[in-house]
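Number of protein chains: 2
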Amino acid sequence: MTRSEIESANTTILSEFQAASHHFLAIPRVGGRAAVRMDSHTLETIEMCADRILEETGLRLEGDQKTLDVCRANGFNVTGDVVRFNGRKLRTIIQSAAPSVFTIRGRNPQHDTIVGSGRPPVVAPVYGPPNFIDTDNTRRLASSNNYRKLVELAHDSIAITNTGHMLCVLNDVPNEQRPYEMALAHLECSDKPFLGPASCPDSIKNVSWAVRQVYNRPDSASACNLLHLINSTPPLVYKSSSLKCLRAAARSGEGVIVTSYMMLGATSPSTTAGTLAQGYAEVLVGLALAQIWRPGTPVILGMFGTPFHMTQMVPAFGDPTSSLIQLYSSELARQLGIPSRGDGGSTSAKVDDAQAGYDGGRAILYALASGANFVLHSAGWLEHGRTSSYAKFKREADALSIHIGAKLEVPPPRQSLDQETIRELRRRWRLNLQ
Amino acid sequence: MTRSEIESANTTILSEFQAASHHFLAIPRVGGRAAVRMDSHTLETIEMCADRILEETGLRLEGDQKTLDVCRANGFNVTGDVVRFNGRKLRTIIQSAAPSVFTIRGRNPQHDTIVGSGRPPVVAPVYGPPNFIDTDNTRRLASSNNYRKLVELAHDSIAITNTGHMLCVLNDVPNEQRPYEMALAHLECSDKPFLGPASCPDSIKNVSWAVRQVYNRPDSASACNLLHLINSTPPLVYKSSSLKCLRAAARSGEGVIVTSYMMLGATSPSTTAGTLAQGYAEVLVGLALAQIWRPGTPVILGMFGTPFHMTQMVPAFGDPTSSLIQLYSSELARQLGIPSRGDGGSTSAKVDDAQAGYDGGRAILYALASGANFVLHSAGWLEHGRTSSYAKFKREADALSIHIGAKLEVPPPRQSLDQETIRELRRRWRLNLQ
Numbered sequence: 000m001t002r003s004e005i006e007s008a009n010t011t012i013l014s015e016f017q018a019a020s021h022h023f024l025a026i027p028r029v030g031g032r033a034a035v036r037m038d039s040h041t042l043e044t045i046e047m048c049a050d051r052i053l054e055e056t057g058l059r060l061e062g063d064q065k066t067l068d069v070c071r072a073n074g075f076n077v078t079g080d081v082v083r084f085n086g087r088k089l090r091t092i093i094q095s096a097a098p099s100v101f102t103i104r105g106r107n108p109q110h111d112t113i114v115g116s117g118r119p120p121v122v123a124p125v126y127g128p129p130n131f132i133d134t135d136n137t138r139r140l141a142s143s144n145n146y147r148k149l150v151e152l153a154h155d156s157i158a159i160t161n162t163g164h165m166l167c168v169l170n171d172v173p174n175e176q177r178p179y180e181m182a183l184a185h186l187e188c189s190d191k192p193f194l195g196p197a198s199c200p201d202s203i204k205n206v207s208w209a210v211r212q213v214y215n216r217p218d219s220a221s222a223c224n225l226l227h228l229i230n231s232t233p234p235l236v237y238k239s240s241s242l243k244c245l246r247a248a249a250r251s252g253e254g255v256i257v258t259s260y261m262m263l264g265a266t267s268p269s270t271t272a273g274t275l276a277q278g279y280a281e282v283l284v285g286l287a288l289a290q291i292w293r294p295g296t297p298v299i300l301g302m303f304g305t306p307f308h309m310t311q312m313v314p315a316f317g318d319p320t321s322s323l324i325q326l327y328s329s330e331l332a333r334q335l336g337i338p339s340r341g342d343g344g345s346t347s348a349k350v351d352d353a354q355a356g357y358d359g360g361r362a363i364l365y366a367l368a369s370g371a372n373f374v375l376h377s378a379g380w381l382e383h384g385r386t387s388s389y390a391k392f393k394r395e396a397d398a399l400s401i402h403i404g405a406k407l408e409v410p411p412p413r414q415s416l417d418q419e420t421i422r423e424l425r426r427r428w429r430l431n432l433q
Numbered sequence: 000m001t002r003s004e005i006e007s008a009n010t011t012i013l014s015e016f017q018a019a020s021h022h023f024l025a026i027p028r029v030g031g032r033a034a035v036r037m038d039s040h041t042l043e044t045i046e047m048c049a050d051r052i053l054e055e056t057g058l059r060l061e062g063d064q065k066t067l068d069v070c071r072a073n074g075f076n077v078t079g080d081v082v083r084f085n086g087r088k089l090r091t092i093i094q095s096a097a098p099s100v101f102t103i104r105g106r107n108p109q110h111d112t113i114v115g116s117g118r119p120p121v122v123a124p125v126y127g128p129p130n131f132i133d134t135d136n137t138r139r140l141a142s143s144n145n146y147r148k149l150v151e152l153a154h155d156s157i158a159i160t161n162t163g164h165m166l167c168v169l170n171d172v173p174n175e176q177r178p179y180e181m182a183l184a185h186l187e188c189s190d191k192p193f194l195g196p197a198s199c200p201d202s203i204k205n206v207s208w209a210v211r212q213v214y215n216r217p218d219s220a221s222a223c224n225l226l227h228l229i230n231s232t233p234p235l236v237y238k239s240s241s242l243k244c245l246r247a248a249a250r251s252g253e254g255v256i257v258t259s260y261m262m263l264g265a266t267s268p269s270t271t272a273g274t275l276a277q278g279y280a281e282v283l284v285g286l287a288l289a290q291i292w293r294p295g296t297p298v299i300l301g302m303f304g305t306p307f308h309m310t311q312m313v314p315a316f317g318d319p320t321s322s323l324i325q326l327y328s329s330e331l332a333r334q335l336g337i338p339s340r341g342d343g344g345s346t347s348a349k350v351d352d353a354q355a356g357y358d359g360g361r362a363i364l365y366a367l368a369s370g371a372n373f374v375l376h377s378a379g380w381l382e383h384g385r386t387s388s389y390a391k392f393k394r395e396a397d398a399l400s401i402h403i404g405a406k407l408e409v410p411p412p413r414q415s416l417d418q419e420t421i422r423e424l425r426r427r428w429r430l431n432l433q
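Heads up: the protein sequence lines correspond to chains A and B, in order.
All residue numbers for the first sequence refer to numbering that gives the first Met the number 0, where the first residue is 0 and numbers rise by one.
All residue numbers for the second sequence refer to numbering that gives the first Met the number 0, where the first residue is 0 and numbers rise by one.
These aren't lab readings, by the way, just hints derived from the structure by calculation.
One thing to keep in mind: the hints can contain errors.
As the list claims (entries may be wrong) - Straight-line distance between alpha carbons at most 16 angstroms, and here's what the computed EDC-like set of lysine to aspartate or glutamate pairs gives:
{"no.": "1", "chain 1": "A", "residue 1": "K393", "chain 2": "B", "residue 2": "D155"}
{"no.": "2", "chain 1": "B", "residue 1": "K349", "chain 2": "A", "residue 2": "D352"}
{"no.": "3", "chain 1": "B", "residue 1": "K393", "chain 2": "A", "residue 2": "E175"}
{"no.": "4", "chain 1": "B", "residue 1": "K393", "chain 2": "B", "residue 2": "D155"}
Said to hold, decoys possible - Part of the chain A face toward chain B, derived, beta carbon under 7 angstroms:
{"no.": "5", "residue": "A353"}
{"no.": "6", "residue": "A355"}
{"no.": "7", "residue": "E423"}
From the three backbone atoms N, C-alpha and C, an ideal C-beta is built for every residue, glycine too.
The task is simple: from the sequences and hints, build the whole structure.
Okay, structure coming up:
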């Protein structure tokens, strides 16, 4: 399962694929006679190649016996923790159960968002940065105060319809309490939908339970309260934590965004073609497992591919290769009949300068142009995703409100969460009483 | 022929059009099931509305009797200087004579570019700014030295395949000598193709003649040496100078880019729909006149629409409305079977900051996505097009070389123009002998 093996498995499609992709970004052609070879033959070739990777190389599913057992029960070939899959069967599992359209609910039902075909994309802010640049333009380790400031910014934006998760890291909160502090910040500072944690199964179950209590709305088969971000670990691995979190989210009645975040040349082949084939193989497994654990689980397909800079040893965000992967990824999701993830705003720029504007602008526009149904990282991403920027957050949220088209009606006033509920959640989650 | 008359003529298509355009920018969908209503019905509606403007309101063709005579001779209804046209007949004139693909030749034939369907777009830099910001970040009135610096930058860029025209204004050169100084700068500092002047018929004829001598290549029906930028004066006017320059360019054997540059709410209706109908009516007239003066004249269709900021009294560059007009404009050109103009890099930003990066990035990406065949303003545009920026020029040229896909082969060395030719042209054009 080395990189060279994966690359050699993909050689059959490389040459024609690269010829097609040369003109691809230059002339995507939104209408008219398309130079874009987004035709069934190309997509079938990616699928065929992914199927061969699944069948011959398989994926390593680490440290979760229940997942291995269920794979075996579904007829897949389990050897140690390596599972070899039939791609066609994975797609059948997904297509027969996963919804093409579903609702993510908010504390205020007026903010519910529908995800899927023909709907405007759901837009969520940056996810993951350990640092924060506030209005004083100084970069510091991020804190829970910064976090609430960003959630409020997200809530106040017309364009941002999901306040996300981990808008920055709560460095001032003990690790195990962070999922709860974040959930509480989203509940207190906003009544829009948000994402759930993805760090451990217990936090997923606990937050899901609490949100259900707070929302106090009847369960619905076509809706979830939270989406959880479940990533594979390329090349061709799911870590124990991801597998357990995926199961916890599905069984809690929530949805999952299954993503392969690949660095081309480091954790995936250096070619766009090979990366798409590997990524598609990886996400098919996660998406199918979600349906196995609970048929009907809302799922979103994501592939986020960034070339790895071989001398600087960092991913080179803002490269057009990522846009190409975005366009194909959304198309592969449409072929499967499920919503797709887009990635906006990514850049390697360290300050919110012209590079940040251009890189981020390109990423978000191609995410939107691809028809992605849920766009993550839409506002605030700076410095390889290592920093949340207040200025960039505000600039991108404002630009998006024009770009996507602001609603003219006045947004509903924010419904505040009552103090007794806040105290109750703080006690239950053993958080500092403020 | 007031604005309210034009707007009322367009009311029939407004409502469905705006409903379609709401989702348009949010979900253009490069592939797959398009939410984009770039369908034949929508395009036919624009056409129908343009035809009604041409037939009922007509265009004012100012101060050029020859044009009025030829309109009458072609059966159009001439009243004073207002000409009422049959749109179908204009399209027939264009479609029966204008080439769908043609070559723009350079002094070095290795730099010849083919414009038209299926080819990568020809890329040209900013056109028109009176000011220049050099590497010292200070904004000054532009000079001929600045001009040569920009032409060299354009020549050295892999992405820029046409060094353009009026990259900045030669404030240190008398007005009547500027077209010649510019032409000489393009010939001396580059051997790539460039654009010809558009200020007066004499300079067009003289520069065309001289370039033909310098290139010393046999005439070809499917090629031109220069393209000249011919603009209408919205709403629904062509000035005397434009009409005469159009005729001079066509009769000199050169090509023309016919553009309606509209400011929505000021020189065109405030709606996208109305602006497209008006702009299409205007460019049809210019494109047809080019074919009347010389059948087979290479032509490019352009519509550049920017909302006018009603409180600041400036066009608001970087608005997504412009992208929407770009997408439709390229599609209308494809329907006609002729190449289209794209507009990249435009922004209202005064310095090359995040706004400049985002605005300019959006404009150029939608120009490329629209399938435009000739992209003007691709590098250097700043401050409503009032300033050429060295930094932005370099940044955008570099980004485009990655974006469009740099050729891996080493570009041919620049062939310098011999001193005797330079002296001869300076004498002929009565320029300072340097």
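Hints and how they fare:
Taking the CA atoms of K393/A and D155/B, the gap is about 37 angstroms. The hint is violated against a cut of 16 angstroms. Between K349/B and D352/A the alpha-carbon distance is near 13 angstroms, which keeps this suggested pair within the 16 angstroms criterion. Pair hint K393/B plus E175/A does not hold up; C-alpha atoms about 48 angstroms apart against a cutoff of 16 angstroms. With a C-alpha separation of about 10 angstroms, the suggested pair K393/B and D155/B falls inside the 16 angstroms cut-off, and the hint holds.
A least Cβ separation of about 4 angstroms between A353/A and chain B falls short of the 7 angstroms threshold, and the interface hint therefore holds. At its closest, the beta carbon of A355/A sits 6 angstroms from a beta carbon of chain B; the interface hint therefore holds under the 7 angstroms criterion. For E423/A, the suggested interface contact is broken, since its CB lies about 40 angstroms from the closest CB of chain B, more than 7 angstroms.
The earlier numbered hints that this structure contradicts are 1, 3 and 7.
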